[in-house]
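**Q** Given only the sequences and the hints, what does the whole structure look like? Please build it.
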Amino acid sequence: GAVVSQHPSRVICKSGTSVKIECRSLDFQATTMFWYRQFPKQSLMLMATSNEGSKATYEQGVEKDKFLINHASLTLSTLTVTSAHPEDSSFYICSASYTSGGAYTQYFGPGTRLTVL
Amino acid sequence: GQQLNQSPQSMFIQEGEDVSMNCTSSSIFNTWLWYKQDPGEGPVLLIALYKAGELTSNGRLTAQFGITRKDSFLNISASIPSDVGIYFCAGSTGANSKLTFGKGITLSVRP
Chain A
-10 GAVVSQHPSR
0 VICKSGTSVK
10 IECRSLDFQA
20 TTMFWYRQFP
30 KQSLMLMATS
40 NEGSKATYEQ
50 GVEKDKFLIN
60 HASLTLSTLT
70 VTSAHPEDSS
80 FYICSASYTS
90 GGAYTQYFGP
100 GTRLTVL
Chain B
56 GQQLNQSPQS
66 MFIQEGEDVS
76 MNCTSSSIFN
86 TWLWYKQDPG
96 EGPVLLIALY
106 KAGELTSNGR
116 LTAQFGITRK
126 DSFLNISASI
136 PSDVGIYFCA
146 GSTGANSKLT
156 FGKGITLSVR
166 P
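So the protein sequences, as listed, match chains A and B.
For what it's worth, the numbering used here labels the leading residue of the first sequence as -10, then goes sequentially.
For what it's worth, the numbering used here labels the leading residue of the second sequence as 56, then goes sequentially.
Honestly, the hints are just simulated from the structure, not real lab data.
Glycine is no exception: its CB is placed at the ideal position from the N, C-alpha and C atoms.
Treat each hint with caution, since some may be false.
What the hints assert, rightly or not - Here are the simulated DSSO-like pairs of lysine-lysine, each with C-alpha atoms no more than 30 Å apart in a straight line:
#, chain 1, residue 1, chain 2, residue 2
1, A, K30, B, K158
2, A, K44, A, K55
3, A, K9, A, K53
4, A, K44, A, K3
5, A, K55, B, K158
6, A, K30, A, K3
7, B, K158, B, K125
8, B, K106, B, K125
9, A, K55, A, K30
10, A, K9, A, K55
11, A, K53, B, K158
12, B, K153, A, K9
13, A, K9, A, K44
14, B, K153, A, K30
15, A, K9, A, K30
16, A, K44, B, K158
17, B, K153, B, K125
18, A, K53, A, K3
19, B, K158, B, K106
20, A, K44, B, K153
21, B, K153, B, K106
22, A, K53, A, K30
23, A, K3, A, K55
24, A, K30, B, K125
25, B, K153, A, K55
26, B, K153, A, K53
27, B, K158, A, K9
To be verified - Okay, the calculated bits of chain A under chain B, using three or more residues with CB under 8 Å as the criterion:
#, stretch
28, 33 to 42
29, 96 to 105
**A** The following block contains the structure:
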C-alpha cells in the first residue's frame, strides 16, 4: 500500500511550451501533497505544498505563476511548468502525506525528468 | 531554510560490513524518517520513527529516534551491493507538515 505515481516519467519539450506533471496517490487519500525539484547530487528542494481544495503554498523564491499547482481531488495534484526554459530542466518529484493511527509520513512518487531544449 | 546535518557526504564500505549513519538537528522533530534514493528514482521510505528513544528495525536496517528528539541514526548490517544509493534523513513537526531533509549520504559498497 501507500503508492504514489507520477506521469509522465520523462518529458522533453521545446523552450516556451508548458508541461503538466501529474501526481497520484493510488491507494490512499492525501489532503496534502508536496512538489520538489532535485538537481544532480543535491538534496530535494521543496517548491510548494499542495492542499486539496485550496491554493498551494509556495516556498520563498518559487514563482507561483511559473509553476502552477492544482490539487483538485484527494488523489491527484498537478504541477504545470509554464513557458518552460532550459533552466527549468530538472528532476521533479512529488510526495503525498499519509497518516494512519496518528503516525504521519510522506510517500514519494518515482519522479519526472524534464528536459527543456 | 533549515537543513538536517548528515555527514560525511560519501561512505565507502566492503560488502558484508555494517555501516551507521547519523542525522542531527538544531531543533526538535516529532517524526524522523529515513529514505533511500536510487539514481533516477524517487526516495523510498525505509523506516519511520515516532517516539523519542524508539528503536525500529526493517530487515537489515535499524534506526533510532534520539532521546533529545534532535537526532537519529540508521544502521545497515551485513551490507550487500544493492544497498548502494543515497540515504536521506528527514524530520517532521506534525501531520501534513513539510519535511526538513538532510543533504544525503551516498553509500558505495565494494564487492
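**Q** Tell me, in ascending order, the numbers of any earlier hints that this structure violates.
**A** none
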